[in-house]
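Line by line, the protein sequences are chains A and B. Residues in the first sequence are numbered from 1 upward in steps of one, following our numbering. Residues in the second sequence are numbered from 1 upward in steps of one, following our numbering.
Each hint should be verified, as a subset may be incorrect.
If several chains are the same, the list does not tell them apart, and a pair holds so long as it fits within one copy or across any two.
As the list claims (entries may be wrong) - Simulated crosslink set (DMTMM-like; lysine to aspartate or glutamate; CA at most 25 Å straight-line): (1) K22 to E197; (2) K42 to D65; (3) K42 to E54; (4) K110 to E21; (5) K107 to D26; (6) K22 to D153; (7) K107 to E21; (8) K31 to D153; (9) K237 to E210; (10) K186 to D219; (11) K31 to E21; (12) K3 to E254.
Just so you know, these hints were derived from the structure itself, not from any lab.
2 protein chains.
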Amino acid sequence: MNKLYIIKIGGNVLDNPSVLEKFLFDFASIKEPKILIHGGGKIATHIGNQMGIESNYVNGRRITDAATLDLVTMVYGGLVNKQLVAKLQQGNCNAMGVTGADGNLIKATKRPVKEINYGFVGDITPHSVNTALLYFLLKQNTVPVFAPLTHADGMMLNTNADTIASVIAVALSKHFDVRLIFCFEKKGVLRDVNQSESVIRHLHRNLYEELLGKQAFADGILPKLENAYAAIQAGVKEVLIGDASDLIHNTGHETEGTLITI
Amino acid sequence: MNKLYIIKIGGNVLDNPSVLEKFLFDFASIKEPKILIHGGGKIATHIGNQMGIESNYVNGRRITDAATLDLVTMVYGGLVNKQLVAKLQQGNCNAMGVTGADGNLIKATKRPVKEINYGFVGDITPHSVNTALLYFLLKQNTVPVFAPLTHADGMMLNTNADTIASVIAVALSKHFDVRLIFCFEKKGVLRDVNQSESVIRHLHRNLYEELLGKQAFADGILPKLENAYAAIQAGVKEVLIGDASDLIHNTGHETEGTLITI
Numbered sequence: 001m002n003k004l005y006i007i008k009i010g011g012n013v014l015d016n017p018s019v020l021e022k023f024l025f026d027f028a029s030i031k032e033p034k035i036l037i038h039g040g041g042k043i044a045t046h047i048g049n050q051m052g053i054e055s056n057y058v059n060g061r062r063i064t065d066a067a068t069l070d071l072v073t074m075v076y077g078g079l080v081n082k083q084l085v086a087k088l089q090q091g092n093c094n095a096m097g098v099t100g101a102d103g104n105l106i107k108a109t110k111r112p113v114k115e116i117n118y119g120f121v122g123d124i125t126p127h128s129v130n131t132a133l134l135y136f137l138l139k140q141n142t143v144p145v146f147a148p149l150t151h152a153d154g155m156m157l158n159t160n161a162d163t164i165a166s167v168i169a170v171a172l173s174k175h176f177d178v179r180l181i182f183c184f185e186k187k188g189v190l191r192d193v194n195q196s197e198s199v200i201r202h203l204h205r206n207l208y209e210e211l212l213g214k215q216a217f218a219d220g221i222l223p224k225l226e227n228a229y230a231a232i233q234a235g236v237k238e239v240l241i242g243d244a245s246d247l248i249h250n251t252g253h254e255t256e257g258t259l260i261t262i
Numbered sequence: 001m002n003k004l005y006i007i008k009i010g011g012n013v014l015d016n017p018s019v020l021e022k023f024l025f026d027f028a029s030i031k032e033p034k035i036l037i038h039g040g041g042k043i044a045t046h047i048g049n050q051m052g053i054e055s056n057y058v059n060g061r062r063i064t065d066a067a068t069l070d071l072v073t074m075v076y077g078g079l080v081n082k083q084l085v086a087k088l089q090q091g092n093c094n095a096m097g098v099t100g101a102d103g104n105l106i107k108a109t110k111r112p113v114k115e116i117n118y119g120f121v122g123d124i125t126p127h128s129v130n131t132a133l134l135y136f137l138l139k140q141n142t143v144p145v146f147a148p149l150t151h152a153d154g155m156m157l158n159t160n161a162d163t164i165a166s167v168i169a170v171a172l173s174k175h176f177d178v179r180l181i182f183c184f185e186k187k188g189v190l191r192d193v194n195q196s197e198s199v200i201r202h203l204h205r206n207l208y209e210e211l212l213g214k215q216a217f218a219d220g221i222l223p224k225l226e227n228a229y230a231a232i233q234a235g236v237k238e239v240l241i242g243d244a245s246d247l248i249h250n251t252g253h254e255t256e257g258t259l260i261t262i
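With these hints in hand, go ahead and build the complete structure from the sequences.
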């Protein structure tokens, strides 16, 4: 099977123009089929403040009310997405900016109201993905660039970018050897959280369980590792956690970040 | 050749929820391949006011400065475009929201600065259109929905929605029998501007020149008719000017609006 890179970037890349520029240059240079998923960054909060839209939290979880939904649809689906696409086009990368609504690429279900009403949030599974159209877009040498938005019942919905990346990776793992790359603020998963160079280069299942038994992982990284193994369990070949500035290495054999495999 | 409908809507449809709802229902029901191009409407001005972005005009022409470009990229490319797409998806129409940057569908040149600096405005011709990708999207039964934005040199650019509709119509006229439909505030081109029911149902070149000689057209309609004949000259089979609420009739044989042909 052909290789496919699915790469997620968040605020720590989007909010730093020089980091973003280097990342987009490196991303455009990847020869294999590839998909980019982006989060939001500070710009949504900034524009929300200008418009007098307040962020609402319940028990520390952000609530997407109607005004916030319009805000993220504008800022993530419009401003951030199209600026990324225009810059990638300049780098001769035939980017195509999409949300889950476009071409019905990801159809969600609105999160049911239980103890908390999260508002306009879309829950998704790998079955939510229009794999046929996505495969066709990749075959046309276009590069899908996903904003973290889905849809259901005539509405746009807010969906976590990490979840979109994982779900697309699983859905396309029947057609490609997928390497799912999460760019975050460290070089990789660290053996010692106080030593930024103590990156675990290759984490396989046995080592993972050994380190898990020793309680060797920092709390913050555990959900990411659990998600990584869930994706691998569901068919994704490799998950990589690393720094956006190491993208060239992390799309090669000798990775700088943490390559997670079965 | 197969029929293709290319339909442009502006503020008078977008700003009226009940008109828009009926239009989208009718649009979704069209069986043939189709493309929608939308303008902006009042929402951009409204959000611009909230954000303290002022509209700049020079000699009555709007100037797209950097803040306005970000505004229209957000509002047209994000909010308006994705809300239309989500609603069409609900109507089982596989809409795919795009700008000219996406898939390099329309590559513009930034308008040169002469007497007036129009700012971030993109000029386009039928050669600007990535006809191959657009044709493939139509073949996949997706329905492109264009926001009035193009790109050049890593930037988004503001481009008139009527111009985008015309340019796409000409570019695709090699592959399809194109009917290009402009929805506006009247039922069609009127013989007597004071009589709203005096619609000219079929305007062919001889009648056009005869009425032109008699100075029978109202000033406002003349540029639209000139553009229509320029599109027909360049290969578009038919141009229709009519009311959005007559869409079902205007995509059939017995049109309510003005059908313009050679």
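Evaluated hints:
1. K22 to E197: within (22 Å within a copy, 60 Å between copies)
2. K42 to D65: Close inside one copy (18 Å) and across copies (22 Å); limit 25 Å.
3. K42 to E54: Intra 14 Å, inter 23 Å, cutoff 25 Å: intra and inter.
4. K110 to E21: between (35 Å within a copy, 22 Å between copies)
5. K107 to D26: between (31 Å within a copy, 23 Å between copies)
6. K22 to D153: For K22 and D153, only the inter-copy Cα distance (17 Å) is at most 25 Å; the intra-copy one is 39 Å.
7. K107 to E21: Classified as between: cross-chain Cα gap 21 Å, same-chain 31 Å, threshold 25 Å.
8. K31 to D153: So K31 and D153 pass the 25 Å test across copies only (22 Å; inside, 37 Å).
9. K237 to E210: Close inside one copy (21 Å), not across copies (70 Å); limit 25 Å.
10. K186 to D219: within (14 Å within a copy, 64 Å between copies)
11. K31 to E21: Cα proximity of K31 and E21: one copy only (18 Å, versus 44 Å across).
12. K3 to E254: Within one copy, since 16 Å is at most 25 Å while 53 Å is not.
When held up to the earlier numbered hints, the structure conflicts with none and fits them all.
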